[in-house]
Amino acid sequence: MSNVPHRFAPIQRLLHWLMAACIFAMFFIGVGMVSTVAPTYPPLILTHKTLGVTLLVLVVIRLAVRLHYGAPPLPADLPPAMKLGARLSHLLLYGFMIVMPLLGLGMLWAAAYPVVLYGGIRIPALLPQSDRVHTLLWNAHFYLGFAFFALVLLHLAAGLFHALIRRDGVFGTIALLPSRNRTTPVE
Amino acid sequence: MNQSGRPPRSRLGSLVLIAAVVGGAAAAFAYTAGWLSPGRLTPERMIAALTPPSGAPLGHRRNHAKGICFTGVFEANGNGVELSRAKVFARGTYPALGRFNLGTADPNAVDATVRVRGLGLQIAVADGEEWRMALINPPVFAVSTPQAFHDLLIASAKKEPEAMKIFIQANPEFVAFAGWAKTAPWTTSYAEEPYHGLNSFIFTNAKGEEHAVRWSLLPTVQPGLVSQAELEKRGPDFLEQEIAERIRTAGPQRWTMVTTVADPGDPTADPSKPWPEGRRTVQVGTLIVQRIEPEQDGPCRDINFDPTVLPQGIRVSDDPFPAARSSVYRRSYDLRAAEAGDYPRTGTVKP
Chain A
1 MSNVPHRFAP
11 IQRLLHWLMA
21 ACIFAMFFIG
31 VGMVSTVAPT
41 YPPLILTHKT
51 LGVTLLVLVV
61 IRLAVRLHYG
71 APPLPADLPP
81 AMKLGARLSH
91 LLLYGFMIVM
101 PLLGLGMLWA
111 AAYPVVLYGG
121 IRIPALLPQS
131 DRVHTLLWNA
141 HFYLGFAFFA
151 LVLLHLAAGL
161 FHALIRRDGV
171 FGTIALLPSR
181 NRTTPVE
Chain B
188 MNQSGRPPRS
198 RLGSLVLIAA
208 VVGGAAAAFA
218 YTAGWLSPGR
228 LTPERMIAAL
238 TPPSGAPLGH
248 RRNHAKGICF
258 TGVFEANGNG
268 VELSRAKVFA
278 RGTYPALGRF
288 NLGTADPNAV
298 DATVRVRGLG
308 LQIAVADGEE
318 WRMALINPPV
328 FAVSTPQAFH
338 DLLIASAKKE
348 PEAMKIFIQA
358 NPEFVAFAGW
368 AKTAPWTTSY
378 AEEPYHGLNS
388 FIFTNAKGEE
398 HAVRWSLLPT
408 VQPGLVSQAE
418 LEKRGPDFLE
428 QEIAERIRTA
438 GPQRWTMVTT
448 VADPGDPTAD
458 PSKPWPEGRR
468 TVQVGTLIVQ
478 RIEPEQDGPC
488 RDINFDPTVL
498 PQGIRVSDDP
508 FPAARSSVYR
518 RSYDLRAAEA
528 GDYPRTGTVK
538 P
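Going line by line, the protein sequences match chains A and B.
Numbered per the numbering used here, the first sequence spans residues 1 to 187.
Numbered per the numbering used here, the second sequence spans residues 188 to 538.
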């Protein structure tokens, strides 16, 4: 029992909230940029591409950190259905975090767009131009983007449910700052 | 379980708070997506305005739909280095790929019926940088803003003659373009046309100095000027046939790239406003078109000549058009890529 963590490691908590902020921004930038012809369009695209590649790097680091530190256990009294939901939703969240930037990069490559990030950093193309591949990846990036946003909202609601209604300490395991009334998960 | 010191929040209150947070985020998302603002000028609305009553040209560009591919080189003479640190201006030869085109949403338009002719161009630099542009032959753009361009499309599609009058009252800058369209002579070849960028960009040189510029590709052959009636006697595709034949018999065709440098105070945000005569110009190089290929299987087919694809040393200015064009071109590209089956390749590519 002694080496079972009661909270996520500080680096995990930091990565969680940093990526949460960036991912939330990505949803709004993405959906905003494709619906405007205003002068904000090029900087929004540039930010979306730069943040996307940054998030891809961050999720790789995050997975490595997760494998190293593990995760605190869920409360023992959590109903099995909720435990299953928690596990599945986290798997899906990781899946989205990995897949979304790859789909975004892939659809740009397949359209023969040069991928240039903030500061002039160029990402070389790993796919040749292809109408069909572009359309497939574009559709996947577009529709999975909405699904990802919906899942993030669900995750947010679940986090608040733990913090405000169940008050079972789950939120405290990932909170950036330690709660003054520390409640540790019971296991 | 109990957080001492705070009174227990009511379960209902907590639920309401959670619903408010999630609902608020969803509403902000919907607003950002434009779902709550039907008046917003989106790329979809611009493309809807471009679409003729007969329907969208499936598989083709939504505007400048008729065109033919070319390949060649851009020969930089080195003069551009004083204005921009873009590597494409260093003396040398860079691969070029482009497309002669007509400003119409109809890929089967009769050449003599289309007033605006254009040239899309992509110049590649060795390390993977690209410079893309799409130029047209009128000396000024038709309108001052993307919104006015949308309104022009709507007005010109209307049957009532009043519609254009009302549009011109609201957008008097259109008169200069209309005058050009009415009176400018027609040339008999893509090779005889000047192609103007019209939009203003900012060049930054190695010292960090910035200049607002516009650029043009000027023909090096004398134009044969004829009336539109004369052109109509030629075949519906005479421009494409002529440029292919000209290059086959007379060899590569050349255009001089000339950049015009703005004086402080010149209107950079409005491509319908020409800059005063006598502005400094710098010849930066020559476009040499060496080979013509049909679009259907050609290398320009799948290139989006997005004017915001720029090398380091060139960036957009306060001109609102490159951003708007980028947004609309991208949507057009997404659409035609998805519709590639409606414009099948004839070559070895699988169905």
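Just so you know, these hints were derived from the structure itself, not from any lab.
Careful, some of the hints might be misleading.
What the hints assert, rightly or not - No farther apart than 20 Å at their CA atoms in a straight line, the calculated lysine to any residue pairs in the SDA-like style are these:
1. B:K274 / A:I61
2. B:K274 / A:P124
3. B:K394 / A:G119
4. B:K274 / A:A64
5. B:K274 / A:A76
6. B:K274 / A:I121
7. B:K274 / A:H48
8. B:K274 / A:V115
What the hints assert, rightly or not - One side only, chain A facing chain B, incomplete, derived with CB under 10 Å:
9. H6
10. A21
11. V34
12. V37
13. T40
14. Y69
15. M107
16. P114
17. Y118
18. G120
19. R122
20. P124
21. T135
22. A140
23. L154
24. L164
For glycine and all other residues, C-beta sits at the position ideal for the given N, C-alpha and C.
How the hints compare with the structure:
1. B:K274 / A:I61: violated, 35 Å
2. B:K274 / A:P124: Holds. K274 of chain B to P124 of chain A sits at ~18 Å (cutoff 20 Å).
3. B:K394 / A:G119: holds, 18 Å
4. B:K274 / A:A64: The given pair, whose Cα atoms are some 40 Å apart, is violated under the 20 Å limit.
5. B:K274 / A:A76: Cα-Cα ~63 Å, so violated.
6. B:K274 / A:I121: holds, 15 Å
7. B:K274 / A:H48: Violated, at roughly 26 Å.
8. B:K274 / A:V115: holds, 18 Å
9. H6: Violated. Min distance 15 Å.
10. A21: This interface hint is violated because 13 Å lies over the 10 Å limit.
11. V34: holds, 7 Å
12. V37: holds, 4 Å
13. T40: holds, 7 Å
14. Y69: Hint violated; Y69 of chain A Cβ to chain B Cβ min 26 Å, cut 10 Å.
15. M107: At about 9 Å, which falls below the 10 Å cut-off, the nearest Cβ of chain B leaves the hint on M107 of chain A intact, so it holds.
16. P114: holds, 5 Å
17. Y118: violated, 12 Å
18. G120: holds, 5 Å
19. R122: Hint holds; R122 of chain A Cβ to chain B Cβ min 6 Å, cut 10 Å.
20. P124: With a minimum Cβ separation of about 7 Å from chain B (threshold 10 Å), the hint on P124 of chain A holds.
21. T135: holds, 4 Å
22. A140: Interface hint status for A140 of chain A: violated (13 Å vs cutoff 10 Å).
23. L154: L154 of chain A check passes; min Cβ-Cβ to chain B is 8 Å, inside 10 Å.
24. L164: holds, 4 Å
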